[in-house]
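**Student:** For reference, the chains in residue letters:
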Amino acid sequence: KQEVTQIPAALSVPEGENLVLNCSFTDSAIYNLQWFRQDPGKGLTSLLLIQSSQREQTSGRLNASLDKSSGRSTLYIAASQPGDSATYLCAVFSGGSNYKLTFGKGTLLTVNP
Amino acid sequence: EPEVTQTPSHQVTQMGQEVILRCVPISNHLYFYWYRQILGQKVEFLVSFYNNEISEKSEIFDDQFSVERPDGSNFTLKIRSTKLEDSAMYFCASRHQGAAQPQHFGDGTRLSIL
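Read top to bottom, the protein sequences are chains X and G. Each residue of the first sequence is one higher than the last, beginning at 1 in my numbering. Each residue of the second sequence is one higher than the last, beginning at 1001 in my numbering.
To be clear, the hints were calculated from the coordinates, so they are not data collected in a lab. Just so you know, even glycine gets a beta-carbon here, dropped at the ideal spot from N, CA and C. Accuracy of the hints is not assured; some may be wrong.
[Said to hold, decoys possible] Below 27 Å or equal to it, Euclidean Cα-Cα: the simulated DSS-like pairs (lysine-lysine) are:
#	chain 1	residue 1	chain 2	residue 2
1	X	LYS42	G	LYS1057
2	G	LYS1078	X	LYS68
3	X	LYS1	X	LYS68
4	X	LYS105	G	LYS1078
5	X	LYS68	G	LYS1083
6	G	LYS1083	X	LYS42
7	X	LYS68	G	LYS1042
[As the list claims (entries may be wrong)] What follows is a set of in silico ranges between Cβ atoms, one per label pair, in the way DEER data are often shown:
#	chain 1	residue 1	chain 2	residue 2	range
8	X	GLU15	G	ASP1063	30 to 38 Å
9	X	ASP67	G	GLN1097	23 to 31 Å
10	X	GLY41	G	MET1015	42 to 50 Å
11	X	GLU3	G	LEU1084	23 to 31 Å
12	X	ARG61	G	VAL1024	44 to 52 Å
13	X	PRO40	G	LEU1084	18 to 26 Å
14	G	LEU1084	X	THR5	42 to 50 Å
15	X	LEU19	G	ASP1071	18 to 26 Å
Construct the entire structure; sequences and hints are all you get.
**Tutor:** Right, dumping it as structure tokens:
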């Protein structure tokens, strides 16, 4: 059974700092990995999708890497801003013939002005 | 950009009542999902749906739950007799064909059981 773990559970940084969020998964047989952002009481906004054959994806100040064999992914946020404050969720798409997303519990990021 | 829409945004229901949560997936998507998130916990998979039938369901998705695609656009989740522990945020998602395609999520329905 796929398990996804995210560390740290919470992170507080001053504005402008670069930061890294970590995600690990137990079963390396994944098709892709998605990073999402969730604001309090809101839905899930997809940030980046990395296919199993890729090593990284970039979108603006965000860079996600994937090491499928070791079951790890990182989300790098450059020059953090107060508007980046949210919960960041990692999810892997796996499951053999019936694919589904398995989520981590998320990292609650607070960027202080 | 097309998006997944869910209604209502918030549903309050008495325990034991039936509730139907509605979703309109992105129009050319073929795979549909329901997930739920109990307050403070992980987003959990409930069920996947393809070609007018359930592809997979989790252990959470017991006989009280059902899904339906009654027409070409709507995808519904019904809970027959709600329990207090069904209180959660319910998310609908859809994706295009191909395992490489991302899932697109709606904004969710917050279900509160009294």
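**Student:** Are the hints correct? Go through all of them and say.
**Tutor:** These are the hints, each one checked on the structure:
no.: 1; hint: X:LYS42 <-> G:LYS1057; in the structure: holds, 24 Å
no.: 2; hint: G:LYS1078 <-> X:LYS68; in the structure: violated, 37 Å
no.: 3; hint: X:LYS1 <-> X:LYS68; in the structure: holds, 16 Å
no.: 4; hint: X:LYS105 <-> G:LYS1078; in the structure: holds, 26 Å
no.: 5; hint: X:LYS68 <-> G:LYS1083; in the structure: violated, 39 Å
no.: 6; hint: G:LYS1083 <-> X:LYS42; in the structure: holds, 23 Å
no.: 7; hint: X:LYS68 <-> G:LYS1042; in the structure: holds, 22 Å
no.: 8; hint: X:GLU15 <-> G:ASP1063: 30 to 38 Å; in the structure: violated, 51 Å
no.: 9; hint: X:ASP67 <-> G:GLN1097: 23 to 31 Å; in the structure: holds, 28 Å
no.: 10; hint: X:GLY41 <-> G:MET1015: 42 to 50 Å; in the structure: violated, 23 Å
no.: 11; hint: X:GLU3 <-> G:LEU1084: 23 to 31 Å; in the structure: holds, 27 Å
no.: 12; hint: X:ARG61 <-> G:VAL1024: 44 to 52 Å; in the structure: violated, 32 Å
no.: 13; hint: X:PRO40 <-> G:LEU1084: 18 to 26 Å; in the structure: holds, 23 Å
no.: 14; hint: G:LEU1084 <-> X:THR5: 42 to 50 Å; in the structure: violated, 29 Å
no.: 15; hint: X:LEU19 <-> G:ASP1071: 18 to 26 Å; in the structure: violated, 46 Å
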